[in-house]
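Participant: One letter stands for each residue in the lines below.
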Amino acid sequence: MNLFDIFTHQLVNGIVLGSFYALVALGYTMVFGVVKLLNFAHGDLYMVGGFAGFLILSVLAPFLGAGWLGVAISMLFAMLAVGFLGVVIQRVAYAPMLAAPRLSILITALAVSLVLQNAVLAMTKGQYQPFGASFGFGGVNLGNLFISYNQMVLVGTAGVLMLALELFVTRTQYGRAMRAISVDKDMCRLMGINVNAVIAVTFFLGSALAAAAGTMAGAYYGSLWYFMGFLIGLKAFTAAVIGGIGSIPGAMLGGLILGLLESFGTQLPGVGSGWKDVFSFSVLILVLVFKPTGLLGKPEQERM
Amino acid sequence: MAAPPQGATASAWGGLALLLDTRFKRSLAISVVLIAMVAAPFLFGPYATVILTNALLYVVLALGLNIVVGYAGLLDLGFAAFFAVGAYTVGITTLHFGLNFWLALPLAIVFAIIAGVIIGTPTLRLRSDYLAIVTLGFGEIVRISARNLRETGGASGLIGIDSPWILGWHIETPRDFYFVFCVLAILAVLASARLANSRLGRAWLYVRHDEDAAEAMGIDRVKVKLAAYIVGAIYGAIAGAFFAANLGAISPESFSFQQSVLILMAVILGGMGKIPGVVLGAFIVILAPELLRDVGDLRLLIFAVGLLLIMLFRPSGIWPAGGRK
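Protein chains in written order, with the working numbering: chain A, 1 to 304; chain B, 1 to 325.
Treat the hints as calculated values from the structure; they're not laboratory data.
Incorrect hints may appear among the rest.
[Said to hold, decoys possible] Across the chosen pairs, the derived CB separations fall in these ranges:
(1) 40/B to 127/A: 31 to 41 Å
(2) 302/B to 136/A: 12 to 22 Å
(3) 144/A to 98/B: 49 to 59 Å
(4) 156/B to 266/A: 42 to 52 Å
[As the list claims (entries may be wrong)] Lysine-lysine pairs mimicking DSSO-like chemistry, simulated, CA-CA at most 30 Å apart:
(5) 291/A to 223/B
(6) 276/A to 291/A
(7) 125/A to 276/A
(8) 36/A to 185/A
(9) 36/A to 291/A
(10) 36/A to 223/B
[Unchecked claim] With the Cβ distance kept under 7 Å, some of the chain B side facing chain A (calculated, not the full set):
(11) 130
(12) 132
(13) 137
We put the beta carbon where it would ideally sit given N, CA and C, even for glycine.
Just need the whole structure built from these sequences, with the hints factored in.
Facilitator: Right under this line is the structure:
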């Protein structure tokens, strides 16, 4: 392979990876926008989404098969289930804590994450779970570059979901309320907006997108693990920060940038796959230190 | 925002200060604890001695993290990194450079301080939730580096680390190490209590309760937070150094995110910011799985649910109830 082939190959990899990061980063950014909470459990909702998709697929497979249709329907149900799980988490764990000191909220969020992780650990005995989707290996050859149908469908689905979210946020009443709340929650309450309902919708959407990413990742990579949400949660957070936390287009952009950085980064001399995560975490630390507002974010003061 | 308690000592000891309100009661309690510590390995046998040693190691680690989380109010999710720096410094310098343990120990502390300054200086200005994520990333960077570097022995780690001599006495049996960790835990408790009651301890208290007001009073918050970070790092490094000497072998997986979480649970379950609570938390985290042998995989789930319930219903910890509100 010449240099150009390596470049295009990594470009495709980066875009696929970036789509996952972007979908998960959206949830971080939306929740952060309305409640100013860093939802540590978000990565674990992605993991739970993967397992939910797998369970639903194993029920549906005898009727719909384990191909595109079966996985797509499973993904929709998983989004629904995990969306509601997100709302329950918000109601049970976060709602009572919103007035508490920030340290308490952070620890609560961490506790939720650990509960989800260890609940799945106990159920799966810590084993890898094969996902069992069968897509075939078809694809398109462009010169030396091979793009599988899987990759295209995956990136396409992620694109459609993000477009739907963008339309929801910019065109609907709830979306408008969401944006208003991220500017001034108390004022919204005074204007008669049902803030709690909007927060619930935000958690629902964020969690559902994470579940979509989880199901797709399970189908694409072929296996699930109780700890798989940890790394992607961290990286999606990095993506959200790169794009500017609180900004929805920022999360999409940040996801793509991080996906590309990572897939090209592993080609750098001395980085290699063993150092891949160190590379991403260093990017995270550098961005937080030098440009904490990200590319599309607005400067923000810590609450007093 | 609640007003800070009157005396910083009362805050560090929690309800214990009220419980043991006379000199007689205090001396009695101290004697009972000391006698129990000395008698334990003879009463409970070798297996229990190893478990208790581990619990005492966690007392040191948890008291160190308590300075960062409980005293200064900073969430550190990568505390195992400092533990790793201490353990690997001792491992590498004694194995590759033939250093004596007692020369390696100060080096471990120096490296932990350097690591604390490198990661703390740029990040302690950040929002508190960003700081939590940065420390998490830092912890993972240290673990992955230990996994990938040749000097640290890669995934299999280092083996054959010598146990130290002190004044002609070779510390080598599990019971020897138990007593060494007893001394370390007592020193850690005393240092924590002194720190809480110092000028720096009061500065931490004010920064934790109201950062802006503290700054208005002339406290340099970045400097004060950095001090907490460094003191925590020193605790971690000392614990790591003795951990390496005790086991004789270390591997990257001893310093994973789960390790950081377990130490954090020890700090929070018993009562964040209060010495008796943190000591109790360390014992809970280590002894509970021994007592509940059958729960196996459920262990961390039970702790995690406990953590959540405590944050929701009893944020000051399970014991003692309290000090002044």
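Participant: If a hint holds in the structure, say so; if it doesn't, say that too.
Facilitator: How the hints compare with the structure:
Take residue 40/B and residue 127/A: their Cβ atoms lie about 38 Å apart, and the range 31 to 41 Å holds. Taking the beta carbon of each, residue 302/B and residue 136/A are about 44 Å apart, not inside 12 to 22 Å as hinted. Range check, residue 144/A to residue 98/B: Cβ separation about 54 Å, and the 49 to 59 Å hint holds. Residue 156/B and residue 266/A have their C-beta atoms about 24 Å apart, which leaves the hinted 42 to 52 Å range violated.
Using a Cα cut-off of 30 Å, the hinted pair residue 291/A and residue 223/B holds, with the two alpha carbons roughly 22 Å apart. Using a Cα cut-off of 30 Å, the hinted pair residue 276/A and residue 291/A holds, with the two alpha carbons roughly 22 Å apart. Restraint check for residue 125/A and residue 276/A: the C-alpha separation of about 28 Å stays at or below 30 Å, so the hint holds. The hinted pair formed by residue 36/A and residue 185/A meets the criterion: a straight-line CA distance of about 11 Å does not exceed 30 Å.
As the CA atoms of residue 36/A and residue 291/A are separated by approximately 19 Å, the hinted pair is consistent with the 30 Å bound. The straight-line distance between the Cα atoms of residue 36/A and residue 223/B is roughly 26 Å, inside the 30 Å bound, and the hint therefore holds. Interface hint status for residue 130/B: upheld, as the beta-carbon distance to the closest one in chain A is roughly 5 Å, under 7 Å. Annotation: residue 132/B was flagged as interfacial toward chain A, and the flag holds, the nearest CB pair being 6 Å apart, inside 7 Å.
At its closest, the beta carbon of residue 137/B sits 4 Å from a beta carbon of chain A; the interface hint therefore holds under the 7 Å criterion.
Violated hints, in rising order: 2 and 4; the structure is consistent with all others.
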